[in-house]
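Trainee: Protein chains in written order, with this note's numbering: chain A, 1197 to 1514; chain B, 109 to 736; chain C, 3 to 104; chain D, 35 to 204.
These are calculated hints, taken from the structure and not from any lab test. Do not rely on the hints blindly, as some may be mistaken.
[What the hints assert, rightly or not] Short derived list, chain D residues pointing at chain B, Cβ under 7 Å:
id: 1; residue: Leu136
id: 2; residue: Leu137
id: 3; residue: Tyr143
id: 4; residue: Ser144
Where a beta carbon is used, it is the ideal one built from N, C-alpha and C, also for glycine.
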Amino acid sequence: MHSVGISLLIVFVVLACILGVASGLIWLERRLLALWQDRYGPNRVGPFGLLQVLADIIKILMKEDWIPPFADKPVFVIAPAITVITTLLSFSVIVFAPGITVVDLGIGVLLFLAMSSLGVYSLVLAGWSSDNKYSLLGGLRAAAQMLSYELFVGLSLMGVVMLAGSFRIADIVEAQRGLWFCGPQFVGFVIFFIAGLAETHRLPLDLPEADNELVAGYHSEYSGMKFGLFFLGEYIGITLISAMIATFFFGGWLGPVLPGLLWFIIKTFFFICLFIALRAALPRPRYDQLMSVSWKWILPLALLNLLVTGAILVSRTT
Amino acid sequence: MLSLLWLVPILPLVGFAILAVTAGQLARKAVSVIAVGAVSLSALIAIGITVAYTITAPAGTVYSQTLWQWMRVGNFAPAVALHLDALSMTMMVVVAFVSALIHIYSTGFMADDTGYSRFFAYMNLFVGAMLTLVLADNLLLLYLGWEGVGLCSYLLIGFWYRDPDNVRAALKAFFVTRIGDTAFAIGIFLLFTSLGTLNIPAVLDEISTYAPGSTLPTAAAALLLVGAMAKSAQLPLQTWLPDAMAGPTPVSALIHAATMVTAGVYLIARMHTLFVMAPAVLLAVAIIGAVTQLVASFSALTQYDIKRILAYSTISQIGYMFLALGVGAWAAAIYHFGTHAFFKAALFLGAGVVIKMLDEEHDIFKMGGLRHRYPLTFWAFLFAALTLAAVPPLTITFNSKDLILNQAFLSKGGRGLWILGLIGTFLTAAYTFRMVFVVFFGPAQSRPEKTPARSMVAPFVVLAFLGAIAGIPELLTAIFGSQNLSSFLRSALPGPTRDFPSADGPWLFQLIYVATALAGIAVAYLLYERAPQYTRSVVSTSVGSWLHRWWFADWGFDWLYQKLFVGPYVVLARINRNDVVDLFYKGLALISRVINGLLSSTVNGNVRWYVAAVAGGAVIVVGLVVIL
Amino acid sequence: MATIPVETGFIIAGLLFLLGLIGVLVRRNIIYILLAIEIMLNAAGLAFVVAGAHWEQPDGQVMYFFVLTMAAAEVAVGLSLVLQMYHKFNTLDANLINRMRG
Amino acid sequence: MTAIFYISAAIAVVATFLTITRVNVVHSLLYFICSLLATGVMFFVLGATFVAALVVIINAGAIMVLFVFVIMMLNVGPQSADQERARLRPHVWIGPGLLSLLLLIELVYSLGRYHTGVTSGQTVGPQQVGTALFGPYLLAVELASMLLLAGLLGAYHLGRGVMTFMDRKP
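Just chain A, same shape as in the assembly (with noise of 0.2 Å):
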């Protein structure tokens, strides 16, 4: 019964913490950019505009929840819960500090990979049940891409799975005690991170919303609060895959003198900001420049990562 209390305690702990990044993350975004791009952003509400998330928050949910009489209800309803639902599923596995985790799982990269796959289907869904030709295509485009980059999230961590002979996420973390992953596994960072901008389908690699070609892409006909599922799903998506490069990639709650849990954190952040500047810095690529690239490059790339660790590790273990 202890264990199931502790358990508890950290589930809603740690949701309560996603959730509050999340939104906060609205913020800190609008706030970054504003920087990066010369202008002030929020800064009205509340000390640095920080109440500015809560006013949103208010604004949203009071929103009429309009549902299009062409739509497909049940599946225009469900189709914004999977993606926040798939993406903090994918936190119970996370290992935050040494014990601090939902369930330590076996299989926990799978159930990343899992649930990163089951993601898709909020879009696509979303794209479908609109009855409207953008959100189609924003929905056609957000399964081809994200099958396509699926393919990669999981060929980039098997190199870190080989390295650390676990689908255990403490194991992984616990193999780079000496040396982050980050180092041996280049590129397999590299992949993971433009994977995971694509799974995450935040720009530059957009294209299922593309303001500008599609209008909004699949959430297109939505609003209020299912418009705000998806806005506060592609924020946990950001936190989840920094967490999980994090994790994967640089050694996790592992650091000198901080304690663990500071260390995940502090990294986490890092990477959040990275995705901000990326979308500060970098052009949306066209659709079928980002297609071609995954297939022609990142592909044959990731295959050759994890034929050249394979054989690495081969010849040192005989």
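Dock chains B, C and D against the given chain A, drawing on the hints supplied.
Mentor: Structure of chains B, C and D alone, referenced to chain A:
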């Protein structure tokens, strides 16, 4: 030199292969060079072999050359082997030489024909097959050559296949000879099953251990005789040969006069031991020969197509050869074959020249007076005709036929045959000179402009000359009793059974024959040159016209066969059109069609139907598993 | 982890399989047929995994892995065919494209 | 944990049943995905963790997305649902239902005669599966890769014409 023997049949076959593969793509000159070259080379080698053979005869007078083993089925292992003895050598050299000359002639005769290359391909194939037949060491290889020449005969009779009549003639030749071929094949099977070998010397050795007149030799000889009869156009299977004149004239000369039709004679001569073991069959051979020559002579007397006259003449002369074989004068038969090959080929070639010059005119009564226009042709033709009529002063071949008659007279109970032969001699002279007088004498019916090509006249003259002098060796015997063809052939064939009791005998008989022949010529002169009105008056009487029509229509054989075989066959076929046996197969077809319908209705392209079938099957199978 | 009777696992697999079979038999839309085939494949895989779990051996999972491979290949080709079919016949009804008559 | 197995089994069966009865293709697909997830849970409970993850990643996450993708490409709209509804009259269920019922009865009957035992409940992890795959099943893995290659080429070849056709469409 003898070791080059294999080249003799192979060279024409190589020529055929080249011509067949190039399929008319070669220039005419190239075709001529290949075809004539192959056969001429073959003939030269054959002559060389003959010389080598006569100078130093191989041990046992037989030279055999095994090329390869044909096949091996159980203990049956026929070899592709060549057998050279006096008999096959005589045949080989005559065939090769005549073939070469006729090939040369054909380059002129066929010069404008569209099927030039095809013609020479067939001709080369024929020569190859004929030489295979002649040189074969076992009956199977002989049969291969036998069928090969039959095929070529068919192809060449129907060479101008655009005319349905030619095709019909070709088919007739094919079908009629097929009867004989079938009998021949059965004979071969019989010999093989009884003796276990098809090697000819071995067969003959085996067969000589049987009692004369016992069943096996008689049956085998009879079957072989049927084959020979069909091939050599002997009564009653002679009907195809006159129609076979539909082919080009060189074909008639080569295949249907000089070589292929004498294959029957050759077969009987080659298997002579077998026939000696079957006296009844041998007697039949003699009678068939005698009757055939007489019947064919009468028919020849009435024809007006120059080639048909020659065709009947061929039948008749082969009849003489059969007569000779029948009375045991083997050497005489082969001797007559040799001279006949020369003079008959010459006559055909001469006829070909005339036909060609008169624009495909075959009717002798539309010719006439040609001796002034074509003197060389006339003289050569006259020589050949005299040879055929067996008149001594100008030609020396007379005694090839006379030998036969002598032997017939001497054989037991052969007086009747002798008389028939003598009548034949008279008729031969009559119809031959009827042709000569009508074609070359009398008033000219037309004024032909063309002159024959040298390549056509030269072989013709050579052949006529050879025909005329072919009797020299035999004449020398008669005068000096020295080495000659008959005794040469005796190394392969048994000699005459009897001889004249006194030395004066031959001369007396010689006189009778010459007188008969001269009488024939005189009658022909009288009736066709001097007083044609007598002919007309004879023919205009009812008996005369009836006989004329009867003989003209080949003694009604075609009519008889039409009524006897073709008609009933057609009627039977019509009755049996929906025949009883077919009902069974139709039923089978119906059942399979119904099953097919059922099955194909299951394969309807409907996926769900298939799945349902699979599921149903699963229910049944699992059910069975559960129950059992 | 749960211990359940192997027969129960098989019966569940069988139920799923039969539902898939009914789907194939009843539906005429070719996408449904492909979907139902997926159901059947998955059910067969379940039976393998149950058996593997009984013997505590990886072989059941290995078989499921192969079933999955096959399903992936089948779906790739099958869906391409569906696209072609829609392109050519402008219908998804499997009954209307039975041109392959015997 | 046993209860979880039975609950997910029930979910799987119900979801599968709904899969084959719905008239809207996407709804059917969603039910099937649900069924797959339930199967994944069953696998997990049975101790087959690797396959449990595979079901979700590949079957639910990739193969089914392909289905959705194709449905979206074909733009199967509401009229298709009406068509389906028209086709699914009650009588079409009778034959297949009976057939399947028969099979089920046979299956239950034949299974009822044996008592093989229970599942062990032991986890057979990815490592063991991987060792088996690249040990005794190496040839089969190679063949599977060949099969995938064939599928890839086939899909590429078949899809090419359609894609150009789609491009031409205004």
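Trainee: Output the indices of the hints that this structure fails to meet, ascending.
Mentor: Hints that this structure does not satisfy do not exist here, as all of them hold.
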